[in-house]
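For the protein sequence lines, the chains are A and B, in the order given. Mapped onto our numbering, the consecutive letters of the first sequence carry residue numbers 1 to 341. Mapped onto our numbering, the consecutive letters of the second sequence carry residue numbers 342 to 708.
A hint or two may mislead.
[Claimed, not checked] Which bits of chain A does chain B cover? Going by a derived footprint, with three or more residues having C-beta under 8 Å, they are:
#1 70-83
#2 109-115
#3 275-288
#4 296-309
#5 317-327
[Claimed, not checked] Just a few of them, taken from the derived set where beta-carbon distance is under 7 Å, the chain B residues facing chain A:
#6 Ser-367
#7 Lys-421
#8 Asp-433
#9 Ala-553
#10 Ala-665
#11 Lys-666
#12 Met-691
#13 Arg-693
Calculated directly from the structure, the hints in this document are not laboratory data. Note that the structure is a prediction, hence the values are computed from the model and not measured. For glycine and all other residues, C-beta sits at the position ideal for the given N, C-alpha and C.
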Amino acid sequence: MRNWVAAGLALVMSYGQQMELAAAQTSTLDTVKSRGQLQCGVSTGLAGFGAPNDAGVWQGLDVDICRAVASAVLKDADKIKFVPLTAKERFTALQSGEIDLLSRNTTWTMSRDTAAGLNFTGINYYDGQGFMVKKTLDVVSAKELSGASICVQTGTTTELNLADYFRSNKMEYNPVVFEKLSEALGAYNAGRCDAFTTDVSQLYSIRLTLGNANDHIVLPEIISKEPLGPVVRQGDPQWANIVRWTLFAMINAEELGVTQSNVDQMKNSKNPAIRRLLGVEGEYGVAMGVDKDWAYHIIKLVGNYGESFDRNVGAGSPLGIARGQNALWRDGGLQYAPPIR
Amino acid sequence: MQRMRDMDRTSWQVAIQWAQVNLFSSWWSTALTLFGLLISYWIIHAVVDWAIIRAVFTGSDGSACRVPGAGACWPFITNKFKLFMYGRYPLDELWRVNLTYVLALAGLVPLMLPGVPGKLWLSIYMLVVFPIIAYFLLTGAEWLGLPIVTTDLWGGLLVTLVVACVGIAASFPIGIVLALARRSELPLIKWLAIIFIEFVRGVPLVTVLFFASVMLPLFLPENVTFDKLLRALIGVALFAAAYMAEVVRGGLQAIPRGQFEAADALGMSYPQKMGLIVLPQALKLVIPGIVNSFIALFKDTSLVLIIGLFDLLGIVKQAIQSDAKWFAPQTAATGYVFAAFVFWLFCFGMSRYSAWLETRLNSGQRH
Numbered sequence: 001m002r003n004w005v006a007a008g009l010a011l012v013m014s015y016g017q018q019m020e021l022a023a024a025q026t027s028t029l030d031t032v033k034s035r036g037q038l039q040c041g042v043s044t045g046l047a048g049f050g051a052p053n054d055a056g057v058w059q060g061l062d063v064d065i066c067r068a069v070a071s072a073v074l075k076d077a078d079k080i081k082f083v084p085l086t087a088k089e090r091f092t093a094l095q096s097g098e099i100d101l102l103s104r105n106t107t108w109t110m111s112r113d114t115a116a117g118l119n120f121t122g123i124n125y126y127d128g129q130g131f132m133v134k135k136t137l138d139v140v141s142a143k144e145l146s147g148a149s150i151c152v153q154t155g156t157t158t159e160l161n162l163a164d165y166f167r168s169n170k171m172e173y174n175p176v177v178f179e180k181l182s183e184a185l186g187a188y189n190a191g192r193c194d195a196f197t198t199d200v201s202q203l204y205s206i207r208l209t210l211g212n213a214n215d216h217i218v219l220p221e222i223i224s225k226e227p228l229g230p231v232v233r234q235g236d237p238q239w240a241n242i243v244r245w246t247l248f249a250m251i252n253a254e255e256l257g258v259t260q261s262n263v264d265q266m267k268n269s270k271n272p273a274i275r276r277l278l279g280v281e282g283e284y285g286v287a288m289g290v291d292k293d294w295a296y297h298i299i300k301l302v303g304n305y306g307e308s309f310d311r312n313v314g315a316g317s318p319l320g321i322a323r324g325q326n327a328l329w330r331d332g333g334l335q336y337a338p339p340i341r
Numbered sequence: 342m343q344r345m346r347d348m349d350r351t352s353w354q355v356a357i358q359w360a361q362v363n364l365f366s367s368w369w370s371t372a373l374t375l376f377g378l379l380i381s382y383w384i385i386h387a388v389v390d391w392a393i394i395r396a397v398f399t400g401s402d403g404s405a406c407r408v409p410g411a412g413a414c415w416p417f418i419t420n421k422f423k424l425f426m427y428g429r430y431p432l433d434e435l436w437r438v439n440l441t442y443v444l445a446l447a448g449l450v451p452l453m454l455p456g457v458p459g460k461l462w463l464s465i466y467m468l469v470v471f472p473i474i475a476y477f478l479l480t481g482a483e484w485l486g487l488p489i490v491t492t493d494l495w496g497g498l499l500v501t502l503v504v505a506c507v508g509i510a511a512s513f514p515i516g517i518v519l520a521l522a523r524r525s526e527l528p529l530i531k532w533l534a535i536i537f538i539e540f541v542r543g544v545p546l547v548t549v550l551f552f553a554s555v556m557l558p559l560f561l562p563e564n565v566t567f568d569k570l571l572r573a574l575i576g577v578a579l580f581a582a583a584y585m586a587e588v589v590r591g592g593l594q595a596i597p598r599g600q601f602e603a604a605d606a607l608g609m610s611y612p613q614k615m616g617l618i619v620l621p622q623a624l625k626l627v628i629p630g631i632v633n634s635f636i637a638l639f640k641d642t643s644l645v646l647i648i649g650l651f652d653l654l655g656i657v658k659q660a661i662q663s664d665a666k667w668f669a670p671q672t673a674a675t676g677y678v679f680a681a682f683v684f685w686l687f688c689f690g691m692s693r694y695s696a697w698l699e700t701r702l703n704s705g706q707r708h
């Protein structure tokens, strides 16, 4: 009996290895080009990051990465099949070739990057744990939360981060734990705790579901690292480069002041960095298998990083998330892209 | 006119009399009546207050619903109605879905009403012709000039109905065959049926769907994907068939031996015996059980959410959780109430039809 099971397992595993080899041999770029469509794995629905709007059109910061890659490769931001994936399905879908690119608020960790046959290609959103408090509390910094009662979901890294933060800052706190996030939120809203903690991007969307959003503020301190970014299959460096430089192009465009509306005039710019970005000088896209005006199409069809941030999660959206860590490096944030030259 | 007023008065008097006898016959019954009235008042008041008085009816985003004290956020439903009904199906092609519904109703309604002639042709239409037409209408066909609409764009009530209808239509015949096979005297057929039924009944539907979506792709060669919706349909149909088989077997067991023997004595073949004598009686007996399975299946369709298909409940949930434009304190409640109402409409309709069918079919037996 045991022999049979072992033989079966061996068969499945060798088959899996063959499959990985096959995946490495076919170029994702050629597949996408011949299919004429990018298959992009997105969230099943996360406010500001990936969700269909009233007309059913997918929108969001993560969705814009899909659109930007499609613009660079196919020159069309709509030639995309969006595949909504749950957290459990997402890596299988990428490994099995069901999707070409995973852009679904996935945290970049070492174990995922090294072990699972995946490659992270950048960080399009620096998330992290934060605190929300009622305005009437007159607190402007997490450092003032000493002695506060804090609503938190139990059994999560959120709970551990909270404990670490207060211990390292030598502050007292009183955790009020709940099994579910919604219960923790309900308790906070009912006044059972002074503060509520989870990832900042979620705090902003949760804030809108409370009675009056303006009665609550999100404190500026971020106490954990949750770098979110697009993921590709391991073993196709060309495709990884395309996805990586798509994000870099959007960040560089913001830095250089190239926007969706002025990109056509910018083609006549004297600035050599802009000329190289838009493919007027040099042939920088060709080396990775796309046309030299790849970045022009990204900016024309999707916009630069700042524009994407603003309309999806930032000041131009109902969420109103502050740029914070996601501001450009020269504005005190962490978004930094290597130059195109 | 005068006569009508007289009738009104008499019916009014009848009502008072009825109330005296049934509601206020003793102090205890009076107290219960008043208590019941009080509770109904509370509930109705709360519902009306939330759904109408404090509700928001117009708006193109959630800002009006974010006002403190606002009730139901109805514009969330009206603005997303098409999304909830058809998913992301292209707007220009929606007529195809509607035409499919019309064609389905055109076959189903005369089939369900008694006294309409041509039941045989209607059945053939519904079981053979209609599915083919519906398939090409919904998915599209280049040679007919209908653009292809891939199933990842389907959603909302459309997916709920497709999964439920295919599940019901496929599980009924498969279930009957399985039930007959399980009672067969040929050991091979019998044991195959038993193994299938017991295996499927022993595994939760969620597991079947999850296996189909997470494990199956790993065993398939690179770039061979098969449609998610198709995977779900096969899973749901086989799952429902196993339950249907047991319901039908219950009916078969209730048929007296004499009926089988009488059919044999008349020299009937097996198909004749089952089709003309046994199954008509057996199926009539288990109508409540069959409808029970159908209703359960209809509600089970919402499980397809776990494999990333968006049925009605899934798409409402997605909109509630992820469209920041509509975030407001009462958006979630409004969306779920709407989804519950649509599910209730369909399930209640099915249960009323089955109750009516039972009385009609039983009328001959009431001597």
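Going down the list of hints, with the structure as the test:
no.: 1; hint: 70-83; in the structure: holds (count 3)
no.: 2; hint: 109-115; in the structure: violated (count 0)
no.: 3; hint: 275-288; in the structure: violated (count 0)
no.: 4; hint: 296-309; in the structure: violated (count 0)
no.: 5; hint: 317-327; in the structure: holds (count 3)
no.: 6; hint: Ser-367; in the structure: violated, 44 Å
no.: 7; hint: Lys-421; in the structure: holds, 5 Å
no.: 8; hint: Asp-433; in the structure: violated, 12 Å
no.: 9; hint: Ala-553; in the structure: violated, 11 Å
no.: 10; hint: Ala-665; in the structure: holds, 4 Å
no.: 11; hint: Lys-666; in the structure: holds, 6 Å
no.: 12; hint: Met-691; in the structure: violated, 29 Å
no.: 13; hint: Arg-693; in the structure: violated, 33 Å
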